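Colleague: So you can see what is in the structure, the chains are spelled out below.
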Amino acid sequence: MIASEKRDAIADLMAEYAYRIDRDKLEDWVNLFTEDCLYKVVPRENVAQGLPGVLLICLNRNMVHDRVTSLRVANEYNIHVDRHVIGAPRLTAQADGSVRAESNYALFQTNQEGESWLFSVGCYEDVIVFQGGKALFKERVVIVDTYAIPNLLATPI
Amino acid sequence: MIASEKRDAIADLMAEYAYRIDRDKLEDWVNLFTEDCLYKVVPRENVAQGLPGVLLICLNRNMVHDRVTSLRVANEYNIHVDRHVIGAPRLTAQADGSVRAESNYALFQTNQEGESWLFSVGCYEDVIVFQGGKALFKERVVIVDTYAIPNLLATPI
Amino acid sequence: MIASEKRDAIADLMAEYAYRIDRDKLEDWVNLFTEDCLYKVVPRENVAQGLPGVLLICLNRNMVHDRVTSLRVANEYNIHVDRHVIGAPRLTAQADGSVRAESNYALFQTNQEGESWLFSVGCYEDVIVFQGGKALFKERVVIVDTYAIPNLLATPI
Numbered sequence: 001m002i003a004s005e006k007r008d009a010i011a012d013l014m015a016e017y018a019y020r021i022d023r024d025k026l027e028d029w030v031n032l033f034t035e036d037c038l039y040k041v042v043p044r045e046n047v048a049q050g051l052p053g054v055l056l057i058c059l060n061r062n063m064v065h066d067r068v069t070s071l072r073v074a075n076e077y078n079i080h081v082d083r084h085v086i087g088a089p090r091l092t093a094q095a096d097g098s099v100r101a102e103s104n105y106a107l108f109q110t111n112q113e114g115e116s117w118l119f120s121v122g123c124y125e126d127v128i129v130f131q132g133g134k135a136l137f138k139e140r141v142v143i144v145d146t147y148a149i150p151n152l153l154a155t156p157i
Numbered sequence: 001m002i003a004s005e006k007r008d009a010i011a012d013l014m015a016e017y018a019y020r021i022d023r024d025k026l027e028d029w030v031n032l033f034t035e036d037c038l039y040k041v042v043p044r045e046n047v048a049q050g051l052p053g054v055l056l057i058c059l060n061r062n063m064v065h066d067r068v069t070s071l072r073v074a075n076e077y078n079i080h081v082d083r084h085v086i087g088a089p090r091l092t093a094q095a096d097g098s099v100r101a102e103s104n105y106a107l108f109q110t111n112q113e114g115e116s117w118l119f120s121v122g123c124y125e126d127v128i129v130f131q132g133g134k135a136l137f138k139e140r141v142v143i144v145d146t147y148a149i150p151n152l153l154a155t156p157i
Numbered sequence: 001m002i003a004s005e006k007r008d009a010i011a012d013l014m015a016e017y018a019y020r021i022d023r024d025k026l027e028d029w030v031n032l033f034t035e036d037c038l039y040k041v042v043p044r045e046n047v048a049q050g051l052p053g054v055l056l057i058c059l060n061r062n063m064v065h066d067r068v069t070s071l072r073v074a075n076e077y078n079i080h081v082d083r084h085v086i087g088a089p090r091l092t093a094q095a096d097g098s099v100r101a102e103s104n105y106a107l108f109q110t111n112q113e114g115e116s117w118l119f120s121v122g123c124y125e126d127v128i129v130f131q132g133g134k135a136l137f138k139e140r141v142v143i144v145d146t147y148a149i150p151n152l153l154a155t156p157i
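Residue numbers (the numbering used here), protein chains in the order written: chain Y, 1 to 157; chain G, 1 to 157; chain Z, 1 to 157.
Calculated from the structure, these hints are not laboratory results. Honestly, I wouldn't trust all of these hints.
If several chains are the same, the list does not tell them apart, and a pair holds so long as it fits within one copy or across any two.
What the hints assert, rightly or not - Think about it this way: if two alpha-carbon atoms lie no more than 20 Å apart in a straight line, the pair counts; the simulated EDC-like pairs of lysine to aspartate or glutamate are:
| # | residue 1 | residue 2 |
| --- | --- | --- |
| 1 | Lys25 | Asp8 |
| 2 | Lys138 | Asp28 |
| 3 | Lys25 | Glu125 |
| 4 | Lys6 | Glu125 |
| 5 | Lys25 | Glu45 |
| 6 | Lys25 | Glu35 |
| 7 | Lys134 | Asp96 |
Note that the coordinates shown come from a computational prediction; the quantities given were computed from them, not determined experimentally.
Kindly generate the complete structure, drawing on both the sequences and the hints.
Modeller: So this is what it looks like as structure tokens:
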């Protein structure tokens with residue numbers, strides 16, 4: 001059983017995650033993770049075959065922050081905008097009070113001509129902890145089905 | 001903090017909005033707005049650049065209703081069907097008891113040959129009020145990422 | 001009014017449904033239905049025109065199970081993976097304690113080269129019952145907008 005306060009906090013966290021990326025508030029997006037977080041992007045193929053390769057790995061929040069900084073330097077002009085649509089999470093209570101959450105996402109992009117396309121689908125596998133009534137990502141592993149794409153990691157998924 | 005009754009009412013409103021458009025119950029869809037509502041569709045580009053141009057604006061529910069009437073006259077045959085998939089809303093309580101809600105959407109269309117495609121992605125920026133335990137749109141601003149499309153406003157987004 | 005325990009149980013069921021198909025846990029997926037369930041896939045066109053044709057019909061859980069068995073035999077190699085993104089359900093309480101739920105879905109597929117595409121959009125029309133605090137599908141009618149596709153029913157929608 002997961003208390004409704006936790007359910008609400010998780011729903012808020014999921015919505016906030018999409019909001020902060022899609023509005024290009026990446027510096028604030030970083031604060032949705034715990035200091036000792038793990039943030040990882042992995043192709044589904046590698047998970048299925050037990051291969052170790054990842055597309056991106058950050059072993060704590062500082063590394064997530066560095067990632068944002070390098071994006072800011074590398075991409076002087078924003079060439080696309082993101083739009084996440086995330087399904088309801090599958091929740092599993094953990095003995096230590098944290099919650100495992102798995103949710104599917106579809107990520108769309110739009111270019112400066114106003115043309116949109118499906119960019120990536122996959123799922124989030126999270127460990128969510130609660131601090132002062134708020135939910136934070138202790139772990140977010142993004143499993144991407146769609147890996148046959150150029151410039152995959154221009155912005156976070 | 002947003003009480004769970006309000007959260008439920010908002011979730012119901014969001015689902016009802018999609019349902020009434022996608023089932024072509026547009027006359028009932030109008031009743032999801034308050035009498036003094038604002039309903040507006042704006043390209044994201046214009047919002048980002050502070051440009052005043054809108055794709056559609058209705059300054060009250062009567063204007064929303066007129067919009068439906070003109071659709072009924074203009075489109076004698078329904079040439080496509082809509083399907084909205086809407087993400088969980090990001091909620092912010094307001095001092096006056098209303099709630100601001102922001103949610104991403106993907107809108108798909110299907111033609112009479114049964115072929116579907118991505119029609120539009122974007123987000124809803126709402127002010128939601130509560131009357132008799134029900135949630136209504138006092139304001140719904142649709143920010144469309146996808147504006148490079150023909151016949152954009154055949155049906156509401 | 002629908003109690004929040006029921007709402008939570010329904011949200012869990014929806015997430016679980018997507019999870020078990022998308023992870024290819026089809027044998028477990030069967031257990032989300034009641035023994036006397038109805039599971040049916042119908043083109044939207046047929047519903048609109050009152051035509052009787054269905055794409056798939058299972059009149060109880062044994063038939064759902066048989067369907068999975070035949071899939072396992074027919075598809076020795078998994079040639080694509082599924083990813084469901086499901087919107088919030090529109091809920092209607094029934095006199096007998098069950099709940100009718102209608103939710104839109106977008107189903108994406110990805111091939112072994114990591115390319116993803118929109119496969120099907122439509123909606124679920126469910127009758128949900130509750131057993132021991134858990135929600136189960138007494139009825140799930142899948143109305144598919146997208147019927148102009150090859151190998152439609154390789155895996156469940």
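Colleague: Each hint: holds or not?
Modeller: Tested hints:
For the identical chains of this complex, Lys25 and Asp8 are neighbours neither inside a copy (22 Å) nor across copies (28 Å), given an alpha-carbon limit of 20 Å. Taking the shortest alpha-carbon separations for Lys138 and Asp28, only the intra-copy value of 16 Å comes in at or below 20 Å, while the best inter-copy value is 29 Å. In this assembly of identical chains, the alpha carbons of Lys25 and Glu125 lie at most 20 Å apart only when taken from different copies (17 Å versus 22 Å within one copy). Taking the shortest Cα distances, Lys6 and Glu125 sit within 20 Å of each other inside one copy (17 Å), while across copies they are farther apart (25 Å).
When the C-alpha separation of Lys25 and Glu45 is checked against a cutoff of 20 Å, the pair qualifies only between copies, where the shortest distance is 17 Å, while the shortest distance within a copy is 30 Å. For the homomeric pair Lys25 and Glu35, the shortest alpha-carbon distance inside one copy (18 Å) is at most 20 Å, but the shortest distance between copies (35 Å) is not. Taking identical chains as interchangeable, the C-alpha atoms of Lys134 and Asp96 lie at most 20 Å apart only when both belong to the same chain, with a minimum of 16 Å there against 23 Å between chains.
The structure is inconsistent with hint 1 alone, although it conforms to all the rest.
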